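Here is how the chains run, residue by residue.
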Amino acid sequence: MGNTLQVVIIISLTLMVIGLAMVLAMGGFGFTVPPSSVRSLATIFLNTTFNLDTKYRYVSAMSPEAVTAIVWDYRGLDTLFETSVMFIAIVGALAISRGASEKLLKGFSKTRGGMSLIVKTITRIIIVMIASVGLSITLHGHLTPGGGFQGGATIAVAPMLLIITFSIYLFSKMITVSKAVTLRSIGLIGIALSAFIVLIIAILHGDLAYIFQNQPKLYSHYGLPSYAEVMVLGGTLLLFNTFETLAVAFGFTALFILFILPEEVVKDIIKGEE
Amino acid sequence: MEVEPFLFNIVVLSLFVNIAMSLYGVFVRPSLIKKIISLTIFSDTINTLVIVVGFRHAIPNPIPPVVIEIPPPPQYLRQFVLQAVDPLPQALVLTAIVIGLAVLLFLMFTTLQIYRIYGTTDVRKISRLRG
Amino acid sequence: MMLHYILMALSALLSISVVYLAIVERDLIKAAIFSAVQSALYAFLYYLLMAPDIFLTYIPVGVGLYTALILILIKKTERYEGE
Numbered sequence: 000m001g002n003t004l005q006v007v008i009i010i011s012l013t014l015m016v017i018g019l020a021m022v023l024a025m026g027g028f029g030f031t032v033p034p035s036s037v038r039s040l041a042t043i044f045l046n047t048t049f050n051l052d053t054k055y056r057y058v059s060a061m062s063p064e065a066v067t068a069i070v071w072d073y074r075g076l077d078t079l080f081e082t083s084v085m086f087i088a089i090v091g092a093l094a095i096s097r098g099a100s101e102k103l104l105k106g107f108s109k110t111r112g113g114m115s116l117i118v119k120t121i122t123r124i125i126i127v128m129i130a131s132v133g134l135s136i137t138l139h140g141h142l143t144p145g146g147g148f149q150g151g152a153t154i155a156v157a158p159m160l161l162i163i164t165f166s167i168y169l170f171s172k173m174i175t176v177s178k179a180v181t182l183r184s185i186g187l188i189g190i191a192l193s194a195f196i197v198l199i200i201a202i203l204h205g206d207l208a209y210i211f212q213n214q215p216k217l218y219s220h221y222g223l224p225s226y227a228e229v230m231v232l233g234g235t236l237l238l239f240n241t242f243e244t245l246a247v248a249f250g251f252t253a254l255f256i257l258f259i260l261p262e263e264v265v266k267d268i269i270k271g272e273e
Numbered sequence: 000m001e002v003e004p005f006l007f008n009i010v011v012l013s014l015f016v017n018i019a020m021s022l023y024g025v026f027v028r029p030s031l032i033k034k035i036i037s038l039t040i041f042s043d044t045i046n047t048l049v050i051v052v053g054f055r056h057a058i059p060n061p062i063p064p065v066v067i068e069i070p071p072p073p074q075y076l077r078q079f080v081l082q083a084v085d086p087l088p089q090a091l092v093l094t095a096i097v098i099g100l101a102v103l104l105f106l107m108f109t110t111l112q113i114y115r116i117y118g119t120t121d122v123r124k125i126s127r128l129r130g
Numbered sequence: 000m001m002l003h004y005i006l007m008a009l010s011a012l013l014s015i016s017v018v019y020l021a022i023v024e025r026d027l028i029k030a031a032i033f034s035a036v037q038s039a040l041y042a043f044l045y046y047l048l049m050a051p052d053i054f055l056t057y058i059p060v061g062v063g064l065y066t067a068l069i070l071i072l073i074k075k076t077e078r079y080e081g082e
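Protein chains in written order, with numbering that gives the first Met the number 0: chain F, 0 to 273; chain V, 0 to 130; chain E, 0 to 82.
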């Protein structure tokens with residue numbers, strides 16, 4: 000296919016979009032986007048995400064960040080099950096390449112591979128920067144845009160960079176797959192415990208509370224501290240964000256190690272089966 | 000003709016065109032890797048459409064759904080509800096992106112396994128092979 | 000406010016051409032790079048659509064990890080799409 004034809008196709012697609020948009024804006028089909036109001040559900044979320052008024056005391060999530068409040072408070076169960084979907088994907092990948100990472104450590108005891116000294120030194124500096132940015136995104140998740148998923152995805156860039164610059168042999172001496180999966184499971188257990196923590200506190204006081212409860216509700220007056228004069232502490236949101244970062248970052252680390260394993264190591268396993 | 004709806008329509012319609020092209024890539028192109036690339040474009044475009052649903056037009060301008068005055072006075076909160084965009088689609092897309100990456104990694108593992116066993120990533124050759 | 004809409008329309012229009020090139024390109028490495036450019040344009044679009052959370056997630060995932068993983072997959076399998 001010639002270059003000229005591609006340019007012509009791109010220009011005609013662009014012109015088609017501009018023309019159709021012009022027709023629609025002139026009132027062709029009667030929708031004028033964007034709307035000037037949000038849905039009433041969104042109004043409730045926006046109004047109660049951080050409201051000190053006594054009228055909204057039992058519905059407010061006490062987090063200035065509406066997205067984090069929805070992810071871990073209003074719709075916490077959804078997020079819990081989405082996290083388990085990711086865990087199942089990791090289990091599937093582990094089942095495909097079983098036993099490969101242990102074989103890697105046995106076969107190659109001497110260090111080999113990797114890029115030059117300059118690249119390695121600069122990577123060592125950059126890893127610290129990436130980790131601190133990711134942690135800052137996570138720990139301020141209830142105050143500013145950010146949270147567990149964002150921080151975890153940012154930190155997951157670090158093992159990728161380490162594997163590429165230091166080679167998989169050196170990296171699997173630092174973190175093995177089983178260690179990464181263990182840390183990821185600790186994150187999941189932490190998320191499960193954070194879901195029950197208010198219930199545990201209430202039972203210790205001889206009372207009952209809801210699962211996934213963050214702030215005091217009408218029939219259960221227990222909750223984690225969330226607002227002390229000028230400081231916003233976040234309640235359970237801070238715990239959820241921290242453990243979710245652990246889960247996302249180390250889950251991806253395990254997948255990266257399995258994905259980048261050298262072909263000659265994996266081929267032996269496949270041939271051994273047949 | 001108002002200019003702002005026109006410019007916003009361009010955004011929505013180009014997302015539709017992107018959906019069409021990525022579906023062509025998923026269905027027609029023979030290489031499994033090209034199918035995966037098209038699938039990422041498809042899911043990203045759908046996510047963007049969901050975000051577009053939550054966008055709004057506000058006077059003087061829309062703001063992200065983050066309260067920046069602590070403690071918020073009632074006057075500020077009233078203005079915040081009138082200006083902030085819908086946070087619910089953002090919360091749903093946020094998890095969808097990260098989970099999508101994990102599921103896509105699983106697809107890549109399967110593609111790699113197919114290449115290890117059959118020695119090709121071309122679906123036409125794979126369908127001809129037996130065993 | 001008008002500038003917002005103009006930048007949104009520009010990045011969306013640019014994404015059409017980049018997506019087209021990513022779909023029709025035979026060389027899979029070039030297709031992966033075009034896909035990364037598309038991710039960057041979408042990230043800019045998220046920022047303009049007042050979604051800073053999605054922006055923060057999408058920069059490492061869309062531009063960094065997707066591209067790196069697809070490049071590694073191409074390195075392990077084959078580079079050119081057969082005809």
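Hints may contain errors.
To be clear about the criterion: a stretch of chain V counts as covered by chain F if any three or more of its residues have a C-beta under 8 Å from a C-beta of chain F, and this derived list gives those stretches [as the list claims (entries may be wrong)]:
#1 12-24
#2 30-44
#3 59-69
#4 75-81
No wet-lab data here; the hints were simulated from the structure. Predicted, not measured: the structure shown is a model, and the values here were computed from it. C-beta atoms are modelled at their ideal positions from N, C-alpha and C, and glycine is treated no differently.
Here is what the structure says about each hint:
1. 12-24: holds (count 3)
2. 30-44: violated (count 0)
3. 59-69: Three-residue rule met by the stretch 59-69 of chain V, so holds; n is 6.
4. 75-81: holds (count 3)
Checked against the numbered hints listed earlier, the structure breaks hint 2 alone; every other hint is satisfied.
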